[in-house]
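Colleague: Now for the letters of each chain:
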Amino acid sequence: MNINATLIGQSIAFVMFIWFTMKFVWPLLLKGMEERQARIADGLAAAEQGQKDFADAQEKSVTEINKGKEQAATIISQAQKRGDEIVEEAREIAKKEGDRIKESALSEIEQEKEKTRQELRNQVAALAITGAEQILMREVDQQAHDEVLAKISKKL
Amino acid sequence: MADEAVITSKSYITHHLQNLVYGKLPAGYERDGQILNEATWTFAHSSKEAVDMGFWSLNVDTLGWAIFLGVVFSFFFYRVAKNVSEGAPSGFSNLVEMIVEFVDNSVKDIFHNENKLIAPMALTVFIWVFLMNTMDLVPVDWLPVLAQKLAGDPHFYFKVVPTTDPNITFGLSLTVFALILYYSIKMKGVGGFLSELTLHPFSSKNIVVQILFIPANFLLEFVGLIAKPVSLALRLFGNLYAGEMIFILIALLPFWIQWTLHLPWAIFHILIVLLQAFIFMILVIVYMDMAHQKDH
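So the protein sequences, as listed, match chains A and B. If you use our numbering, the first sequence corresponds to residues 1 to 156, in order. If you use our numbering, the second sequence corresponds to residues 1 to 296, in order.
What the hints contain is simulated information worked out from the structure, not anything from laboratory work. It is possible that some hints are incorrect.
[Claimed, not checked] Facing chain B, according to a computed beta carbon distance under 8 Å, are these residues of chain A, among others:
no. : residue
1   : Asn2
2   : Asn4
3   : Ala5
4   : Leu7
5   : Gly9
6   : Gln10
7   : Ser11
8   : Phe24
9   : Val25
10  : Leu29
11  : Met33
12  : Phe54
13  : Ala132
For each residue, glycine too, the CB sits at the ideal point set by N, CA and C.
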């Protein structure tokens, strides 16, 4: 228990251990730990950035989808409109065509009617002449005859 | 153990409290009934011989254990420091890094100057004192009896807890004291340090009164300064010595009943071991901070 040179030995040992720790242990440990700290911080920042990017992408995709939907709706409505137009046009064309056909048919009928009338007139005239010839049973003045016929023909 | 020696409680205790001392006995010294012809370097055979060896003798056991534990600390911490990687730490290196971070934070909290010495010193003090204190938890007879068997000498003294030796604790605290003086003078200059010792706590604007105050101030401040290393060493020594003493007393009980006291005291002692190491470290940091502070 008495004080002796152990005191000095211990002091020397203490100084040496402090020197060793200061030289070889502390800086290495702290450097390594700081490096790891920096790496972890970087990793966390990267993760956060990734999360943010993901959220951004998600948001972007939603807007894209909405835009697409809108576009699709526009296209559909346009198509509908266009379809309606086409139908309308077709209807118009068809109507016109019908009218034309009808008209031409009518005119044809009219022509046919006129023709038939003319024919009938001629036939009636011929018939009348034949009838008259038979009735008279004689030769009539051809000229007077034709005049009469023309008169009758006009009246018909 | 020994054939002729009857072990009494007193001899058991005193034997446990005696260091293994290596020193020089003067010529003409009466030893074991013989007179020494010339001065001899030898191990002390009794407490009286240890005292008679004077100052220039060494406590081989406690100093040896202290150095051994310091080497253990240096070796393991150096190995971890060398292999510290950027990856996730595991096992022992995790523990080491936790301790280093804890010490680093303590230093940052308390010490407000730039000095690359303080943190490594705090770490050394903390771990070293902790390891030396932990030797107290090794049952009191294991290592001494082992040493006696190895040495073949039933009287072989062997104290294994370095911090129960005041030489060891004073060795630590006086080194710290030397650093306090060194940094006080380095940071404040001789004049600044002296004025710190003489112009506080009593001060006056009147120069004559101030001069009258100087002796009183110096007395107070000087006692305060000296109290730092003394209290640092005696606190550690006292706690561990008392703990060791109680372990020795418990060891006097019959072996089948010892555990009833030994176990609770050992568990409680874990706290003391750690707490004293922590207090020692914190006080070292505080004293170093005070030494660096320029304005009182």
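Colleague: Against each hint, give a clear statement of whether it holds in the structure.
Modeller: Hints, verified against the model:
no.: 1; hint: Asn2; result: 5 Å, holds
no.: 2; hint: Asn4; result: 5 Å, holds
no.: 3; hint: Ala5; result: 5 Å, holds
no.: 4; hint: Leu7; result: 5 Å, holds
no.: 5; hint: Gly9; result: 5 Å, holds
no.: 6; hint: Gln10; result: 3 Å, holds
no.: 7; hint: Ser11; result: 5 Å, holds
no.: 8; hint: Phe24; result: 5 Å, holds
no.: 9; hint: Val25; result: 5 Å, holds
no.: 10; hint: Leu29; result: 4 Å, holds
no.: 11; hint: Met33; result: 6 Å, holds
no.: 12; hint: Phe54; result: 25 Å, violated
no.: 13; hint: Ala132; result: 137 Å, violated
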